[in-house]
Amino acid sequence: MYVVIRGRDVGIFIDIEVVRPLIQGISTAHYKTIRLLGEGHVIMMEAIAKGTAARL
Numbered sequence: 001m002y003v004v005i006r007g008r009d010v011g012i013f014i015d016i017e018v019v020r021p022l023i024q025g026i027s028t029a030h031y032k033t034i035r036l037l038g039e040g041h042v043i044m045m046e047a048i049a050k051g052t053a054a055r056l
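Letter 33 of the sequence shown, counting from 1, is numbered 33 in the UniProt record's numbering, and no numbers are missing.
You may find that some hints are simply not true.
Cβ pair distances, simulated, as ranges [unchecked claim]:
#1 26 to 48: 15 to 21 Å
#2 17 to 51: 17 to 23 Å
#3 39 to 9: 18 to 24 Å
#4 52 to 24: 16 to 22 Å
#5 54 to 20: 15 to 21 Å
Since the hints were made in silico from the structure, they are not lab data.
Keep in mind that this is a model prediction, so the values were computed, not measured.
Heads up, the beta-carbon is just placed ideally off N, CA and C, and yes, glycines get one too.
Kindly generate the complete structure, drawing on both the sequences and the hints.
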């Protein structure tokens, strides 16, 4: 699983094939590989609280 924090869309995704088009070509895109859904939720909520999550 992956959490996209900055990209064409943000959220938690299962497949890298879905994630690639959301981040390719965007120098400020940011994503992380996660093992658990809850881990992704925490990362996303922290990014939203810090103001670092963004659709680009």
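How the hints compare with the structure:
For the pair residue 26 and residue 48, the supplied restraint of 15 to 21 Å holds, since their beta-carbon distance comes to about 19 Å. The beta-carbon spacing between residue 17 and residue 51, approximately 29 Å, falls outside the hinted interval of 17 to 23 Å. With their beta carbons about 19 Å apart, residue 39 and residue 9 fall inside the hinted range of 18 to 24 Å. For residue 52 and residue 24, the hinted distance range of 16 to 22 Å is satisfied, since their beta carbons lie about 20 Å from each other.
One distance hint, 15 to 21 Å for the beta-carbon pair residue 54 and residue 20, holds here, with the actual separation near 18 Å.
In terms of the numbered hints stated before, the structure departs from hint 2 and from no other.
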